[in-house]
Amino acid sequence: MPSWLHELLVKIFAERPEFAFELAGPRLGLEPLAAESVEALSGDLMQLSAPQARADAVVLVKRAGKPVLALVVEVQLSRDRHKPFSWPVYVAGVRARFECPTALVVVTPYPGVANWARREIFLGPRGDRLRPLVLGPEAIPAITDPEVAAANQGLALLSSLAHPRGPEAVPVALAALLGADKLVGPEFRMYNDQVALSLGARERAELEALMQSRYEVKTEFLRRWMKEGLEQGLEQGLEQGLEQGLEQGLKQGLKQGREQGREQGRTEGEAKGEAKGKSDALLAVLAARKLAISSAQRERILACHDLAELDRWIVRAAVAKKTAEIFAPEA
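Add 1 to the 1-based position in the sequence shown for this note's numbering, that's all there is to it.
A hint or two may mislead.
With a cut-off of at most 27 Å between alpha-carbon atoms, the simulated DSSO-like pairs for lysine-lysine come out as follows [claimed, not checked]:
1. LYS322 x LYS291
2. LYS277 x LYS291
3. LYS12 x LYS84
4. LYS256 x LYS273
So the derived label-pair ranges between C-beta atoms look like this [stated by the list, open to error]:
5. LEU124 x PRO187: 16 to 22 Å
6. ARG55 x GLU121: 20 to 26 Å
7. LEU198 x ARG127: 42 to 48 Å
8. SER79 x ALA210: 27 to 33 Å
9. ALA210 x ARG119: 34 to 40 Å
10. CYS101 x ALA206: 21 to 27 Å
11. SER87 x PRO126: 18 to 24 Å
No wet-lab data here; the hints were simulated from the structure. In this text, all values refer to a predicted model and were calculated from it rather than measured experimentally. From the three backbone atoms N, C-alpha and C, an ideal C-beta is built for every residue, glycine too.
All chains should be built: construct the whole structure from the sequences, respecting the hints.
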């Protein structure tokens with residue numbers, strides 16, 4: 002299941018398909034767009050039977066109404082061992098559908114994922130291979146203008162993820178936060194969390210100090226940002242307190258339960274052991290006196306845990322002429 006963050010970043014290319022060409026074109030040796038048209042298409046490759054054959058986005062470049070280039074765009078946030086097998090399927094499906102040159106473009110804000118995605122994909126024993134064009138952090142622009150960030154919040158978030166440290170980190174994060182003013186509810190909180198978590202510790206502290214001192218809560222966004230942060234802090238505090246309370250209560254309960262269980266087990270064990278000893282003594286008396294005993298009578302003796310009852314039976318066994326006299330009711 003794609004994450005909220007993944008889906009938001011994929012929307013970049015659905016809402017602004019020319020951005021993919023702007024990033025990939027120079028790296029593919031292509032001239033800037035002139036009269037060509039660029040459009041975003043669904044990533045569903047419907048002519049293929051495999052249900053998993055769905056790219057994140059497909060960007061089609063046309064000239065005079067005819068497809069001249071297709072870009073299969075994949076937003077990758079982590080390594081995935083299945084992708085080197087599914088990516089060639091995406092490229093082949095799009096190439097067959099539009100009958101034009103097709104390139105695989107992988108977009109990721111993380112250097113480690115970018116290095117992984119740059120590996121050539123070997124297709125067969127003859128050395129056929131697919132080379133992904135990877136747009137890592139170095140290819141993603143630093144968005145520092147809040148108005149630009151507001152116009153494309155996904156791009157602003159991608160920019161903040163790609164530039165978490167260094168002199169550009171705080172301006173990029175601040176633009177992303179200010180550009181998210183129209184988001185509401187959980188989406189607003191998740192967006193803010195992603196921006197904040199992308200920063201290094203020093204950059205995050207600098208951003209918080211900047212927003213508290215320089216901006217003085219002048220805008221509705223900053224009031225919401227601080228309010229959301231306070232509410233989130235209270236919520237997390239309550240959850241943490243509840244978890245700690247439950248954990249401590251559980252530990253204490255288990256400790257008391259173990260102690261009570263050990264004590265109860267010790268008491269019950271001693272009682273059963275004493276009863277077993279008396280049962281064996283009674284059977285020994287019966288055997289010594291050669292009094293016949295039925296299976297039912299033996300089971301009754303062994304099943305009895307009433308120490309007083311066993312004592313009475315032992316006394317009777319010493320003088321009884323028949324085994325039945327041992328179990329006779331009190332007169």
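Now the hints, each set against the structure:
no.: 1; hint: LYS322 x LYS291; result: holds (10 Å)
no.: 2; hint: LYS277 x LYS291; result: holds (21 Å)
no.: 3; hint: LYS12 x LYS84; result: holds (20 Å)
no.: 4; hint: LYS256 x LYS273; result: holds (25 Å)
no.: 5; hint: LEU124 x PRO187: 16 to 22 Å; result: violated (43 Å)
no.: 6; hint: ARG55 x GLU121: 20 to 26 Å; result: holds (23 Å)
no.: 7; hint: LEU198 x ARG127: 42 to 48 Å; result: holds (45 Å)
no.: 8; hint: SER79 x ALA210: 27 to 33 Å; result: holds (32 Å)
no.: 9; hint: ALA210 x ARG119: 34 to 40 Å; result: holds (38 Å)
no.: 10; hint: CYS101 x ALA206: 21 to 27 Å; result: violated (50 Å)
no.: 11; hint: SER87 x PRO126: 18 to 24 Å; result: holds (20 Å)
Checked against the numbered hints given earlier, this structure breaks hints 5, 10; the rest are met.
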